[in-house]
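Chains as they are written, first to last, in the working numbering: chain A, 1 to 325; chain B, 1 to 436; chain C, 1 to 282.
There's no promise every hint is true.
[What the hints assert, rightly or not] Keeping only pairs whose Cα atoms sit at most 20 Å apart, straight-line, the calculated SDA-like set for lysine to any residue is: (1) K184(A) to Q259(B); (2) K86(A) to V186(B); (3) K37(C) to G276(B); (4) K309(B) to A419(B); (5) K299(B) to A195(B); (6) K212(A) to R8(C); (7) K330(B) to A226(C); (8) K268(B) to G252(B); (9) K37(C) to A51(B); (10) K212(A) to A227(A); (11) K376(B) to Q350(B); (12) K212(A) to A198(C); (13) K415(B) to F93(A); (14) K330(B) to T227(C); (15) K241(C) to Q285(A); (16) K268(B) to L304(A); (17) K241(C) to K362(B); (18) K268(B) to T227(C); (19) K165(A) to L43(C); (20) K268(B) to D246(C); (21) K268(B) to H176(A); (22) K362(B) to L129(B).
What the hints contain is simulated information worked out from the structure, not anything from laboratory work.
Everything numeric in this text was worked out from a predicted model, so none of it was measured.
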Amino acid sequence: MSAPTTTAPAAPPSPSGRRRGTGPAAPPRGRRRPPLLLLLPAAIIMIPLVAYPIYQLGLLSVLDFGQAQASGGVPTSFVGLGNYQKILGDGQFWSVLTQTIGFAAFCVVATLAVGATLAVLLTRVGRISRLVLTTAAMAAWAAPAMTGSTVWSFLFDTNLGLVNKTLVSIGLNGFHEFNWFYDKWTSFLIVGAVVVWHSFPFVMVTLYAGIKAIPTEILEAAALDGAGTWATFRRITAPMLRPILTIVVIQSVIWDFKVFTQIYVMTEGGGIAGQNLVLNVYAYQKAFASSQYGLGAAIGVIMLLILVIPTVLYIRSLRRTGNEL
Amino acid sequence: MRIVRRAAAATVLAATCLAAAACSPGTALPAGDKAADDKTGTLQVWLYNEAGNAAKEAVVSKAVAEFQASHQGVTVSVSYIDTDASARAAKMKGAFNDPNSAPDLVEFGNTDLPGYVAAGGLAEIGADLDKWKDKGDLDPAIAKTAVLDGKTYGLPWWVAVRALYFRTDLFTEAGLAAPTSYAELVAATQKIHAAHPDTFGIAVGGKYTFGALPFVWDAGGDIAAKEGTTYKPTINSSASQAGIKRYTDLFGESGCPVQQCADLTGGKTVDLFAAGKSAMAILPNSSRSKVDAGPVNGKYGVVPLPGEKPGSIAPAFAGGNNLGVMKAAKHRTLAVEFAELLASPAYQEQMYDAMGNLPTLKPVNAKVAAKDAFLKPFTDTIAAGTKFVPLDQGWAQIDAQAVIPTMLQQIVTGKADVAKASGDAATQITSAFAAR
Amino acid sequence: MNTRGRRRLAANSLAILVAVVTAFPIFWMVLSAFKPKGEVQSLDPRPWTAHPTLESFRQVLSVDGFGRYFVNSLIIALSVVVLSALVVFLAAVAVTRFRFRFRTTIMVMFLIAQMIPVEALTIPLFFMFRDAGRLAPGVGLNTLASLILVQLAFSLPFGIWMMRGFVAAVPVSIEEAAQIDGASRSRILWRILLPLVAPGLAATSVFSFIAAWNDFVFAKTFIISATENQTLPSALLVFFKPDENDWGGIMAASTLMTVPVLIFFIAVQRKLVSGLAGAVKD
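Bound-form chain A, shown alone (with noise of 0.2 Å):
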């Protein structure tokens, strides 16, 4: 992507760094009107098909709203606050909201350093190597959750799977019809696993396709001022991957937060005596599967707050900092 010659008289009057500097390609000062035309079709589309509903939602979440007042004729009532005071007076939300937080945090800090060191190491290796290992995160990246979920637990179900198999076969004979999912944390680290397992492809393609995108120039000069591995990656590297590292952080925050599937399908339904439940299959054991909209509305409602607080946050200390979304 190189520019053409001509574009010498028309450089733009903001500071070439953009990334770094003051914004994403800065347009000239005083276009102040938003774009209407371009964002049109995103806001036929997206006004009524996600802002409408979740504006419903908040709206269901004041309600007492169940399948009985969706279909059956019995008059909706307001309850205000009713269904948010049950949430928080409930003694499991909390103790389910800390595992969550807990959980989506282990998984983002272990998919990101997965991710990071994977792509390092892509840059370190030859061809054909490269080839293969991202063919592989390829597939484990196409993996839907659903199929991924399902054959991770045969692998470790109790009495089929290879891994207690192979475990025996090797001399640990503790592990004969181990079952994984009985212990809380086996259970939470062999899902957290698949969680990464799926999501790391993600953060290694990107973070490798940016550390290719890095001039070789600068990299050289660096090298030629005698910076070891780590400083070149602390001073230049890693502040060139900031950009593409805050959408990959903010995205895997919300992805891992929100996790279900794996955790409804590995430990079906949420562990032993709830020990793995996260909120997500927590909203629907406790509302959606007793169609009780109002209540799970409410969850909903508590678990975008959750986010959205330190998402707001991050962005403005974003912006303090000069650097603009």
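Starting from the known structure of chain A, fit chains B and C onto it as the hints suggest.
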């Protein structure tokens, strides 16, 4: 912050809406009690897609052919719906919320009935069934599972009760006869496990609600009891606690090791028994084909699940499926007639032959039991009296929130004792009934 | 061998090892699908089979209307990919190339849209589509159009966030040069900018394809009576019954669900990597 202002504006807007009641979430007007009643056209029927569905489809298509031959201008279209709980619920809710998508006749699990009635989904068919010639032959305890507040909403199509499967070879070797009391059952688990350390005394599961309830009922307990118009939990009564303890005591060294059995569903206990891994299991008659397909074929017998008192039978859960006419049906009379045909003696018998589901008509039950000695313990169990879950839509919530499995799992894993776990369950049951 | 060579060898070995571990579950899934029934359920699992069979695949393919469901899923996924790419491109240009009031608010809204569990939104959406169906039967419940629309809507927020980076990476100078040369706004958009961000669109379309292909929450909510409009995943869900332990059937169904996504991936792989690289090029 701009976002906060925005949110405030949205709240005000929402409040205005509420005041005006102009933008409440969509609802479906309840279909009138007199549903459309076309006598020709396509009759839409939803039946469950079960394991080994081909045999069921064969019987049903015979009934369809017969029905179409006797009803000019009528086509019967049968869809087999996924029985997975969430997929099934989505389908039924869709039919309730959008009457245009609703079929005329549905098969449904009898525990779902109160929820479906509250949703305004099912038509009352008591008056129609009064005219049905076979009505008098319905087993009364089972017929009651389709009645809510004195109104009948379903035609019981088949039932399944559970009994005790046991390994005849292991029992003979240990010099034991089939257990006739809870004490004998426990003694058998110990003796057999001592001789065969790799074999579980009995396959039970922490998520096997309908395996546990017979012990509770036998001890004189229950999930909840009706007081006036509302249900009150009795799961933590001393009788219930005694029953819960008897069931959860089966988890352990000689019965079913906790590590392996705490997360088992009823379906998984079938596999343990069929694989020859356990000496006993509490299974329905329909598990027979699966057990016969495995290594214990010919090496097992079945007796009613014994109660505490020697010689007694623990009350079984009267699980089964009903046929119900949708309120939004467009062919009400035809739907009732087709349901009556499917539940007629001839087709109940064929359904037994095809799927192993027990008939709901007493003469047919007697007939198949005479034909097949295997069924005797099951028909004996029905004759001894069956029990049912609370007929209230609160049950749907108790079931969805896994209240009973959570209680059992807390006890067997040692996270709580019987008193604490059943007390927690009672609290949740109270709020489930109060939510309505 | 010198240190450098040794380190390179170690890196290569590590990469291959990670690849094997990563691909292993997929391998096991395909293998189990080809194993005879008795062998899948065997207490002595082996990483190979001497008797490959199509038994499990035949069982899955014998689902009534399999072909139809496959085509439905493909229609939905491809429609979503194409429409979403188009809408995402325009919106991404709007939020990167223009500075206007509420721009940040709009971006945050796109994030918020992703934060709500979809299960919670199905009820309002259900009633909307039901009522829409009364006015325009073509987009009501039970139609493929309803699934395309809702998948499209939920693919946009993430797509726009991703595409922002790609659009920003194209130097503004290119557009300005074209403008000076007398190119019209729309010509710049479609003839100059679009080809430059095409690899980025390939990358984002991977996400919309996966989401649309794998969805069964919306499919099972919206497709009630019109069984002919079912999608593949919701039809194959019949096999996912752990209680029946038909692992052969489950694995064959899983394989058939995964393969089309894999093919799509391989088709766009090249573009994907170079596209993602484009996002950070300065």
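For a C-alpha distance cap of 20 Å, please report whether K268(B) and G252(B) respect it. holds, 17 Å
Run the distance test for K268(B) versus H176(A): straight-line Cα separation, threshold 20 Å. holds, 18 Å
Would you check the hint for K212(A) and A198(C), treating anything up to 20 Å between C-alpha atoms as holding? Answer holds: K212(A) to A198(C) is near 19 Å, not above 20 Å.
Within 20 Å, alpha carbon to alpha carbon, are K268(B) and D246(C)? Since the Cα atoms of K268(B) and D246(C) sit roughly 12 Å apart, the hinted pair holds (cutoff 20 Å).
Need the status of pair K376(B), Q350(B): alpha-carbon distance at most 20 Å? Distance ~18 Å between K376(B) and Q350(B) Cα, so the pair holds.
Hinted pair K268(B) and L304(A), Cα distance within 20 Å: Judged against 20 Å, a Cα distance of about 37 Å means the pair is violated.
CA of K212(A) to CA of A227(A), is that 20 Å or under? holds, 19 Å
Going straight from one Cα to the other, do K37(C) and A51(B) come out at no more than 20 Å? Within the cut-off at roughly 16 Å; holds.
When you check the alpha-carbon spacing of K268(B) and T227(C), does it fall within 20 Å? violated, 31 Å
Next pair to validate is K165(A) with L43(C); report whether the Cα-Cα distance is within 20 Å. holds, 8 Å
Between the alpha carbons of K241(C) and K362(B), is the straight-line distance 20 Å or under? violated, 33 Å
For the pair we were handed, K86(A) and V186(B), check the Cα-Cα distance against 20 Å. violated, 43 Å
The structure fails to meet hints 2, 4, 16, 17 and 18 from the earlier list, while all remaining hints are met.
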